[in-house]
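Got chain A; can you put chain B on it based on the hints?
Each chain is listed here by its residues.
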Amino acid sequence: MKIPSWVEAYTAVQTRLEPRLQELVSTPTFSQVVAVAATLRSTVGRTVDGVNARVLHTLNLPAGTDIKRLRRQVGDLDHEVRSLRLELSRYVEEHDDAGTD
Amino acid sequence: MPAPTEQLSTLDRVRREIERAALRTRNGIKLAAGVSKPKVGQTPKDVVWTFGRAELWHYRNESVRFTPPLLIIPSLVSRSYILDLTPGNSLIEALLQAGLDVYMLDWGVPDERDAKNRFEDYVDLAIPAAIRQVCRRSNTSEVNLLGYCFGGVLTLMHAAHNPSSPLRSLTVVATPVDFPRLGPLVDVIGRTELDVDSVLGDDGNIPPQLILQGFRSLAPMGDITNYVNLLDRMWNDDYVAGHQLMNGWATDHIPLPGAVARQTATRLVRDNALMTGRLELGGDRVSLTDISVPFLAVLGARDTIIPEAASAPVMDLVGSSQKELLRMDGGHVGLVVGKSAHRKTIPKLIEFLQQRSEPLT
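Same order as they appear, the protein sequences are chains A and B.
Residue 73 in numbering that gives the first Met the number 0 sits at position 74 of the first sequence; the count goes up by one each step and never skips.
Residue 350 in numbering that gives the first Met the number 0 sits at position 351 of the second sequence; the count goes up by one each step and never skips.
In isolation and in its complexed conformation, chain A is listed as follows (with noise of 0.2 Å):
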C-alpha cells in the first residue's frame, strides 16, 4: 500500500525531531524547569487561594479553601475507620479459627 505523501513528510520530520526531544526532556535542566514550574504555580494557587479566602471570611461566608480542609479531614476519618474495620475483621477471623481449633 502507497502511504500518502504527507505521511511520509510526517514520518521524516518525527523521525529527526523525537529523538532530540527526548534527549531534551532526559535533562536535568528539564527536570528542573518543571519541578520550578510546579511549585510556581502552587504557590500562586495558593496566594490567590488565601486572598480569597480572607475576602470570604470577612463576610462570614466558608471559602474553597475550608471546603478543602473540611473534605480532607472526611476522608481521614474514612481511612481511620475503614483500617480499623479491616484491623476488627482479621482480628474477628483470628479469634474463630482459633475457636474452631
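Incorrect hints may appear among the rest.
Partner residues aside, some chain B positions facing chain A, computed with beta carbon under 10 Å [stated by the list, open to error]:
| no. | residue |
| --- | --- |
| 1 | L124 |
| 2 | P183 |
| 3 | P207 |
| 4 | Q208 |
| 5 | I210 |
| 6 | P219 |
| 7 | N228 |
Simulated from the structure, these hints should not be mistaken for laboratory data.
Since the structure is predicted, the reported quantities are computational estimates derived from the model, not experimental observations.
In this text, a Cβ means the ideal position worked out from N, Cα and C, and glycines have one as well.
Structure of chain B alone, referenced to chain A:
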C-alpha cells in the same frame, strides 16, 4: 494474491479513494461524537468484597480445573480493564479458558478518602484481606498472586513483608524495581527536590492529568503520531476500534493517593529502596530476599514505560530458589494485549500457573 496498488487502474484508484474518504468521514464523525466506543471489561464477574473504593471481583467460570485460585493485583495509576480488554483479546478470558479460578482486586477511583493511603494500607491490609476472602470463597488455603505494573510492586512488598502469607506462587508482569531507571517518568522527582505536596490536587491525590503528562514525556511526539496514523487509516474500522481502545486506556488514568505518591518519591525513587534493601514498611526493614515462593517475572524487551533496566534486576533481588524470567519481545501493553501476547506471553503465564496448581478432582 490481490493486485498491488501500483497495478490498479486510475479509475480503480479514484474509486477506492472515494470509498475511503466516505469511510473516513463516517468514522471521523463517530470518533468526534464519541459513539461506538468498544466495550471493555466484558467478562462476567461478581463483586464479592469491597474495601473503600476497592472491589474484589470473582470472574465466573463454570469449568474451573485447577486450584488454588489466582488473585490479580492491577496497577494503582491505570484502569484494570487492560487485563480484560475485549472478548477475544482478554488476559482474564484466556486464564478462565485455561481452567483457572480468577479474582481481581480492582482499586476503583481514589478520592479524598484515599489521600492518606500508604503502601502499608495496600500491602499489609487490603491485599491480605483480599487473600483471606479468596481463600474463604474458593475454599482453599493458598492463592497464586499476580501483580501487573505498579500492582507488581505492591505484590513484591506484600510477599516480602508478610512471609507467612499463604502464597503458592508470585508472578509480576512489567514491574519496576530500579525506579531511577524509569527515566523521564520519574526524573522530575529523582533529580530535583520537588515537594510532592506541591503537585497534589484538591483531593490530596496526584491528579490523573499529571500522571498522563509524565507518560507523555516518554514519547514527546507520541500523541501527534497517533493522530497522524489515525487520520491516514481512519477508513479502516478495525484500526479505528483499536485506536479507541488503546488510546482510551492510555489516557484514562486514575488519581494516585497522595501518601503513596510521597512514599514512592522518597523511598522508591530517591532512596531506590527496593534495590538497596532500605525499604521500610510499618516500621520494619523489608527486603525482597525474604520472598521465598516460586517466582515468575515477565518483562517486555521493548517496554518504553517500564524499561528492562528497571524491571530485570528483580531476579537478583528475590530470594526464591525457584525463579524464572520471561523476557518477551514486546512493549508494556503488548505483554497482556494483542496477538503476540495471546500467542507467546499468556500461554507461558498459564503454563507457569498450572505447574503451581493441582487439578481439581
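Mind listing which of the numbered hints don't hold for this structure, in increasing order?
-> 3, 4 and 5
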